[in-house]
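Using the hints, position chains B and C against chain A.
From first to last, the protein sequence lines stand for chains A, B and C. Okay, so the first sequence: first residue is 51 according to our numbering, each after it adds one. Okay, so the second sequence: first residue is 67 according to our numbering, each after it adds one. Okay, so the third sequence: first residue is 334 according to our numbering, each after it adds one.
Don't read these hints as lab results, they were simulated from the structure. Possibly wrong hints are sitting among the right ones.
[Claimed, not checked] Computed list of lysine-lysine pairs in PhoX-like fashion (alpha-carbon distance at most 25 angstroms, straight line):
id: 1; chain 1: A; residue 1: Lys299; chain 2: A; residue 2: Lys269
id: 2; chain 1: C; residue 1: Lys515; chain 2: B; residue 2: Lys277
id: 3; chain 1: A; residue 1: Lys320; chain 2: B; residue 2: Lys300
id: 4; chain 1: A; residue 1: Lys172; chain 2: A; residue 2: Lys187
id: 5; chain 1: A; residue 1: Lys401; chain 2: C; residue 2: Lys585
id: 6; chain 1: C; residue 1: Lys373; chain 2: B; residue 2: Lys277
id: 7; chain 1: C; residue 1: Lys559; chain 2: A; residue 2: Lys401
id: 8; chain 1: A; residue 1: Lys530; chain 2: A; residue 2: Lys320
id: 9; chain 1: A; residue 1: Lys320; chain 2: A; residue 2: Lys299
id: 10; chain 1: C; residue 1: Lys559; chain 2: C; residue 2: Lys573
[Said to hold, decoys possible] So the derived label-pair ranges between C-beta atoms look like this:
id: 11; chain 1: C; residue 1: Asn349; chain 2: A; residue 2: Asn144; range: 31 to 41 angstroms
id: 12; chain 1: B; residue 1: Trp217; chain 2: A; residue 2: Leu472; range: 51 to 61 angstroms
id: 13; chain 1: B; residue 1: Asp245; chain 2: A; residue 2: Gly485; range: 26 to 36 angstroms
id: 14; chain 1: B; residue 1: Ile133; chain 2: C; residue 2: Asp374; range: 31 to 41 angstroms
id: 15; chain 1: A; residue 1: Leu155; chain 2: C; residue 2: Ala370; range: 42 to 52 angstroms
id: 16; chain 1: C; residue 1: Ser348; chain 2: A; residue 2: Lys269; range: 52 to 62 angstroms
id: 17; chain 1: C; residue 1: Thr365; chain 2: B; residue 2: Ile182; range: 17 to 27 angstroms
id: 18; chain 1: A; residue 1: Arg158; chain 2: C; residue 2: Asn349; range: 31 to 41 angstroms
id: 19; chain 1: B; residue 1: Tyr353; chain 2: A; residue 2: Asn181; range: 31 to 41 angstroms
[Claimed, not checked] A short list of chain A residues far from chain C (calculated; beta carbon distances all over 10 angstroms):
id: 20; residue: Arg266
id: 21; residue: Val307
id: 22; residue: Thr356
id: 23; residue: Ser377
id: 24; residue: Pro390
id: 25; residue: Gly397
id: 26; residue: Val399
id: 27; residue: Glu406
id: 28; residue: Lys411
id: 29; residue: Gly414
id: 30; residue: Ser419
id: 31; residue: Gly423
id: 32; residue: Leu424
id: 33; residue: Lys429
id: 34; residue: Ala450
All residues carry an ideal CB built from backbone N, CA and C; glycine is no exception.
The primary structure of each chain is shown beneath.
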Amino acid sequence: MENHAIEMLGITKVFPGVVANDDITLRVRENEVHALLGENGAGKSTLMSILFGLYEADGGRILVRGKPATIRDPNDANALGIGMVHQHFKLVHNYTVTENIVLGLEPRSRAGNVDLASAGKKVAALSSLYNLDVDPKARIETISVGMQQRVEILKILYRDADILIFDEPTAVLTPQEVDELMGILKRLRAEGKTIVLITHKLGEIKSAADRCTVLRRGKVIGTVDVAATSEERMAEMMVGRIVQFRIDKGAARIGPVVLSVRGLTVRNAKGFAALSDFDLEVRAGEVVGIAGVDGNGQTELIQAITGLTEPDSGTILLKGRDITRMSIRERIALGVGHVPEDRHKHGLVLKFRLDENLALKTFGRPPFSGALGLLNFRKIAEHALEMIRQFDIRAGEGPATKASSMSGGNQQKAIIAREIDLSPELLVVAQPTRGLDVGAIEYIHKRIVEERDKGRAVLLVSLELDEVMALCDRIAAISKGRIVGIVDALGASEREIGAMMGGHRAPGQTDPGAGASGTGGAA
Amino acid sequence: MNEILNLLPSVLMMASPILITALGGMISERSGVVNIALEGLMAFGAFSAATTHVLLEASLPGWSIWIALAMAALTGALVSIVHAFASVTLNADQVISGTGINLLANGVTVFLCQVIFHHERTNSFRQGMTAGWGGIYPTAWIALVLLVAVWYVLYRRPFGLRLRACGEHPQAAASAGIDVRKMRYIAVIASGAFGGLAGGCLVLTQTIEYKENMINGAGFIALAAVSFGRWLPKGVAGAAILFGAAVAFAIYVVNIEFLRRLPPEFFSILPYVITLVTLVAFSGKDYAPRAVGQPYEKSGS
Amino acid sequence: MKAGGKTFLERVASSNPAISALVVLLGFLCGTLLVIAVGKDPLNMYRAIFQVLTGWDLTRGTWNSRYIGEWLVASVPLILCGLSMGFAARTGLFNIGGEGQYIVGLTAAQFVALLGPQVPVLHWILAVTAAMSAAALWGGIVGYLKARYSVSEVVATIMMNYIAFFASRYLTQLIPGTNTYKTPNFPETARLANDWLLDLTNKSRLNNGLFIALLAVLFFWFIMEKTRTGFALRATGFNKDAARYGGIDVTKNLVLAMAISGMFAGLAGAIVSLGSFSYGRVLGGMDGYGFTGIAVALVGNSTAPGTLISGLLFGMLQSAQPLMQSRQIPKEVTYIISGLVVVFISLRAGFGLILEARSKQRARKEATRDE
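Bound-form chain A, shown alone:
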C-alpha cells in the first residue's frame, strides 16, 4: 500500500459551454515526480488550480496524505503544504525578490511594521539551502526569467510546501535554464518533496518524471510508468491517434530575395535595444524560422517589419522597396501579411462578426466599400462564405458569427484565411499554433507549407523548437536581440540550435554579419 500525497477522486469542473474536468481521478505518491500530460485545453491547469484553491470543483473530493481536505482558496492549500509555481508568474514587477516572497506572510518588527531586514535574511538562508540562486534585493522587473522562476519556487518553499506543482515550467526558459530546472527538481525530490509537473513536452517528462497521467478533453486516459513507456505511446494517448512528428514537404524552390533586413535596431519601452544591428534575408519560396526564447527581440522584429513600431536605425526592404518608415496600410498594400502572436489582442476584433473580421484589412476598398464610403454588406458576407468554404472554418452562424464565440483553432484559421487571401509577398507568422489542438496545428502547418510552395516568402517566429525545425528551410537563432547563427534545417540538430538560442555560437559557424546569405539559399 503506497502512501499517496494527493488523491483527487472524481473531480468535475464545468465552465460555460465546456466540461474542463470530467470525473478525473489522480493519485500522486509521496516523494515522486508525477507528470500531468495533455494538449492545450485538456484540463491539466484547471485540475491543478482546483488543487491549489484558485477554483472550486463542482464535484468530487480531495484527500491530502490520506485525510479529506477542503481547499477553498490558496491559504487553505498553503496550510496543507501545497504550493504552485505558475506558468505566468504571479510576481509584482516593481517589488523586490524578498517582498514578493514574503507577501502575505510578512515578518514583523515589534511595532508591527514589515521587517524587511529579517525577511531578507530568511530568503538568503532558504535560497542557499536549496541552492536556488537569487538576489534578495533585486526588483523583479530587472532579473532574468530563470531567476524569476526561482523566486516563484522560493515563494512556496517559504511557506513550507511539501507538495510542489509546476505548471508548464519550461515554456519560458532557455535550454540552459531548462537543464538547471531539471537539476532543481532532482534536488527538491532528494529533500523529500512531492512534485507534480504539468507539461506537454514529452522529452522533459522522459528526463524528469517517474509516472505520468495523461488527460485528453477533460478525461483521464491512463497513468503510466515513464521509464517503461515510449514518447510515441504517450503522444498517442495524449492525442488519441498516431501522431505524425514530421511534416511532409517537398524540396524548397527558392527564388529572389523578398525581405531584406539590414542593421535593424529597435528599442523597447524601457529604452534597451531589444533588437541590435539585426540582419536577415528571406527569399521567395522558402520558410525562414526565428528560433529563440521569448523576449529576445522576436516581438520587436515582427513589429518593425509589419509597421507597428518604428526602428531606431537600419533598413527594411521589401522586394527592393524601402518600407522602413511606411505606414501599416501601405505595407499591407505592398504585400506584407501578418498572422499575429496574440490573436485576441491583435488579430481579431472579438465583438465583430466573422465577416467583419475577415474584411478588417480590406473594408475600405472596393468591392467592400463604394461611393460615399458606403459599405457593401452583401459582398462582405459573400466573401466570408467563400473563406469559410476554402479554409474549413467552423462558425456556428456562418458569416454572422461573433468572433468571440468561435473556438481558438477556428479563430486562428480565420486570421490565416484573411492573410493568405490577400496573396502576400511576405507572410510573417508568429506563434501560429499557440494554444491549439493537434488537428488545428496540422492544418495550419499544411497551409504554411502551401504558401511556401506557391512561391511566397514566409518568416516564422515560434517558441516551439519542434515546430521551427519541422516547418522551416532555414533557421536563424536569436539571442538578446542578435542573430547568433543561421543554419539549414536539413541536418540541423536540436542541441545545436538550442545552444545558439542560449547565445553560444557553435564552432565553425559562419558569422551572419559577414556577407548576406548565411549558409544557404544560393540563387
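Just chains B and C, lined up with the frame of chain A:
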C-alpha cells in the same frame, strides 16, 4: 516676497481639500480601483458638513465644527460603498459607476436642501472654521497628518504592502492568500471618507454655506494630482500644493496691481489650464499601478 | 431539457433595450420612493409628467399643446448631447466634456448671430455651422491629446468644460452692447423660430432645431452603421490594437470621433441659444445638457434610435420640473433619477455575472446527466 508669504495660508487653505481628496484617490487607485466619483463624494461631504454645522452651531459651539467634519467623512464613506459594490463585487465599469455618483451628488444634496431648508442651498452658518497659528487653518494640519499616516501605512505596514500588490498584480496577491476584494473595498471606502472629509474642509474654510456645484472640479483636479504625482505620497502632495496655489492665486490676484487689469476669467481658468498642461506634459501613464481600472477576475494559472 | 435554450430572465439580461428599460423603471421607482420618504405625494410627480407628454392638466381638466412643445424643446439638446457622448463611446472614448463643447457651440453661434451678415436663412445656417465647427475643434483637441499623449479624456474633458465656461463668459462680454448677463437681441435672420411650429404648439419655444436634431440622428446612424468610417471607428472602439494592426489609422480616428462628438454637442448649444432665446447670454452657470447627455447616451446604449427615445425620456423629466416644483415636488428628483440610472447601467456587467452563474449551473446539470 512678503506677498508670497502672505499668500501661504490661503494656498494651504485651497490645497488642503485637494490634497486630502488626492490621498484618497491615490489609496483607491493603488488598490486597483479608479475612483472618478471623488467630485461627487466631496459634494456629499460638503453638504453634510454644512448641514450638521448649521444645525448644531448654536447648541454645541466649538464642537459642531469637528462633528461636522466627522459626519462629512462618514457620509463620503457610506456613499462610496455604492461605488465599491458596483466596481468590486459586480465588476462594473468603474468610470461609469463613478460618473453616476457624480451626477447623483448634485441631485441628492440639493434635493435634501429643499427638504430640510426649503431652499436650493443650506442655510448659512454664522462662523466657519477659524484660522489658528500663522493664519493657517486646522485643515492644513489635518492634511499633513493624513499625508504622513497614509505614507506610513502604505510603505511600512503589511497592510500597505498587500494593498499595493492588489493594484499591481491582483492575481499575485490572490495566490499569496490576500483577499483582493476585501482590500479594494477598504481602499474605496477609505477614499470616500477622505473625499467626504475634504469636502467638509472645503465648505467650512472657504465659504459659509453649501450650494449647488460648489466643488467646481476640485475632485477632478485631485484626480489629476494623483497622476501628476505619480501615485506617490510625496508627488501627490507636491501636485496638490501646485494646484492649490493656482486656485489661491486666482482669487487673490485682485491684490496685485498690474494683474488687476486682466479679466477675472483669465485667473479663474488658471487652475484648470495648469492641470491640463501637467496632464499632457507629464503623462505618467507608465507609473500607474499596473492593474488599475481593470475589474478583478478570479483566474487559474 | 434542450441545451442552448435561454430562460426569459437570460433573454432580458442579454437584450440591451430591455436592460435600459429595466434601469429606467428602477430609477423611477427609487425616485418615487424618495418622494414618498420625504412626505410628498408621488402622484404629483406623475401628473406633471403626464401633462408634459400630452398637454392635459389632470387636476384642472384643461389641455394646452404648449407643454408638448416645451417637452420637445427640452428633448432636442438632450438628444444631441446624447449623440455626442454616444458617438465617442462607440469609438471607445468616455467623452464627458459634452458640457464644454456645448458651451463652445453656443458661444460661437451667439457671435455669428450678432456679428454676422443679416441675410435670411444664410445667417442662421452660418451660425449653426460655426457652432458645429468650433465645438468640433474643441472636442478634437481632446482626441488628439488622447491619441498622441495618452492623456485620459475623462479628466481632460472636465478641465476643458471649465475652460470653455470661463472663456465663453469673457468672450461674450466683448460683444458691443453686452452687460454682465445678456447681449443685445438677436436679429430675426439668425433665429431658428418657425411660425408653423409656434402655432401648432400654442406659442411654445419649439423651433427648427427639432428638424435639425432629427437630421443629426439620421446622420449618426448613417455614418456609424453604413460607412467605412463608422466601421473603422467601431473597430477602434472595440479593439484599438487589432484596428491598428489592420491598417486603420487609430490617431486619426480618435481625433475624428472626438471632433464629431463635439460637433453634436455644439449643435445642441447653437439650437438652445438661437431657438429658445432671443438674445445671447453671458453664462452664469452651466446649462447641464452635457451632463444629462451622459445618462441619455448610456440608456440609449449609444445607438441612434436608442438615443432618440432616451433623449425624449429625459426631456420629459426635465420639462416637467417647473410643474413638479409648483406642486411641491423638489425638481432635483429628476437629477436623482438621472444619476441612479447611470449607476444602475454601470451594473450591466453585474447582469453578465448572473447570466454566467446560471448557465454554469445548467451546463453542470446537463453534463452530469450525460453519464
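Hint check:
1. Of the supplied pair hints, the one linking lysine 299(A) and lysine 269(A) is violated, its CA atoms being roughly 34 angstroms apart against a limit of 25 angstroms.
2. Among the hinted pairs, lysine 515(C) with lysine 277(B) is consistent with the structure: their alpha-carbon atoms are about 24 angstroms apart, no more than 25 angstroms.
3. Between lysine 320(A) and lysine 300(B) the alpha-carbon distance is near 24 angstroms, which keeps this suggested pair within the 25 angstroms criterion.
4. A C-alpha spacing of about 12 angstroms is found between lysine 172(A) and lysine 187(A), which places the hinted pair at or below 25 angstroms, so the restraint holds.
5. For the proposed pair lysine 401(A) and lysine 585(C), the alpha carbon gap of about 22 angstroms is at most 25 angstroms, so the pair holds.
6. Straight-line distance between C-alpha atoms of lysine 373(C) and lysine 277(B) comes to about 23 angstroms, which keeps the hinted pair within the 25 angstroms bound.
7. Restraint check: the Cα-Cα separation between lysine 559(C) and lysine 401(A) comes to about 17 angstroms, which is no more than 25 angstroms; the hinted pair holds.
8. With a C-alpha separation of about 15 angstroms, the suggested pairing of lysine 530(A) with lysine 320(A) holds against the 25 angstroms cut-off.
9. Distance restraint check for lysine 320(A) and lysine 299(A): the Cα-Cα separation of roughly 42 angstroms exceeds the 25 angstroms cut-off, and the hinted pair is therefore not satisfied.
10. For the hint pairing lysine 559(C) with lysine 573(C), the CA-to-CA distance comes to about 20 angstroms; that is within 25 angstroms, so the pair holds.
11. At roughly 40 angstroms, the beta carbons of asparagine 349(C) and asparagine 144(A) sit within the given window of 31 to 41 angstroms.
12. Here the CB-CB span from tryptophan 217(B) to leucine 472(A) is close to 56 angstroms, well matched to the stated 51 to 61 angstroms.
13. Range check, aspartate 245(B) to glycine 485(A): about 31 angstroms between beta-carbon atoms, so the 26 to 36 angstroms window is met.
14. Here the CB-CB span from isoleucine 133(B) to aspartate 374(C) is close to 34 angstroms, well matched to the stated 31 to 41 angstroms.
15. Distance hint check for leucine 155(A) and alanine 370(C): the Cβ-Cβ separation is about 49 angstroms, which falls inside the suggested range of 42 to 52 angstroms.
16. In this structure, serine 348(C) and lysine 269(A) break the distance hint of 52 to 62 angstroms, their C-beta atoms being roughly 37 angstroms apart.
17. The hint said 17 to 27 angstroms for the Cβ distance between threonine 365(C) and isoleucine 182(B), and at roughly 20 angstroms that hint holds.
18. The given range of 31 to 41 angstroms is broken by arginine 158(A) and asparagine 349(C), whose C-beta atoms sit roughly 51 angstroms from each other.
19. For the hinted restraint 31 to 41 angstroms between tyrosine 353(B) and asparagine 181(A), the CB-CB distance of approximately 37 angstroms keeps it satisfied.
20. At roughly 17 angstroms, the least C-beta separation between arginine 266(A) and chain C is larger than 10 angstroms, which holds for a residue marked as non-interface.
21. The beta carbon of valine 307(A) sits about 25 angstroms from the closest Cβ of chain C, which is more than 10 angstroms, so the claim that it is off the interface holds.
22. For threonine 356(A), the requirement that its beta carbon stay farther than 10 angstroms from each beta carbon of chain C is not met, with the minimum near 8 angstroms.
23. The Cβ of serine 377(A) does not lie farther than 10 angstroms from every Cβ of chain C; its closest approach is about 7 angstroms, which violates its non-interface assignment.
24. Taking the minimum C-beta to C-beta distance to chain C, about 6 angstroms, the non-interface status of proline 390(A) is violated against the 10 angstroms cut.
25. Taking the minimum C-beta to C-beta distance to chain C, about 6 angstroms, the non-interface status of glycine 397(A) is violated against the 10 angstroms cut.
26. The claim that valine 399(A) is not at the interface with chain C is violated, since a C-beta of that chain comes within 10 angstroms of its own (minimum 5 angstroms).
27. Its beta-carbon lying about 7 angstroms from the closest one in chain C, glutamate 406(A) breaks the requirement of being farther than 10 angstroms from that chain.
28. Consistency note on lysine 411(A): stated as away from chain C, yet its beta-carbon is not over 10 angstroms from all of that chain's, at 5 angstroms minimum.
29. Separation of glycine 414(A) from chain C is inadequate, the least Cβ-Cβ distance of about 5 angstroms not exceeding the 10 angstroms criterion.
30. At roughly 5 angstroms from the closest C-beta of chain C, the C-beta of serine 419(A) falls inside 10 angstroms, breaking its exclusion from the interface.
31. Residue-level check failed: glycine 423(A) sits 4 angstroms from the nearest beta carbon of chain C, not beyond 10 angstroms.
32. For leucine 424(A), the requirement that its beta carbon stay farther than 10 angstroms from each beta carbon of chain C is not met, with the minimum near 6 angstroms.
33. Every CB of chain C lies more than 10 angstroms from the CB of lysine 429(A), the least distance being 13 angstroms, so the non-interface label holds.
34. Interface exclusion of alanine 450(A) from chain C stands, the closest Cβ pair being 15 angstroms apart, more than 10 angstroms.
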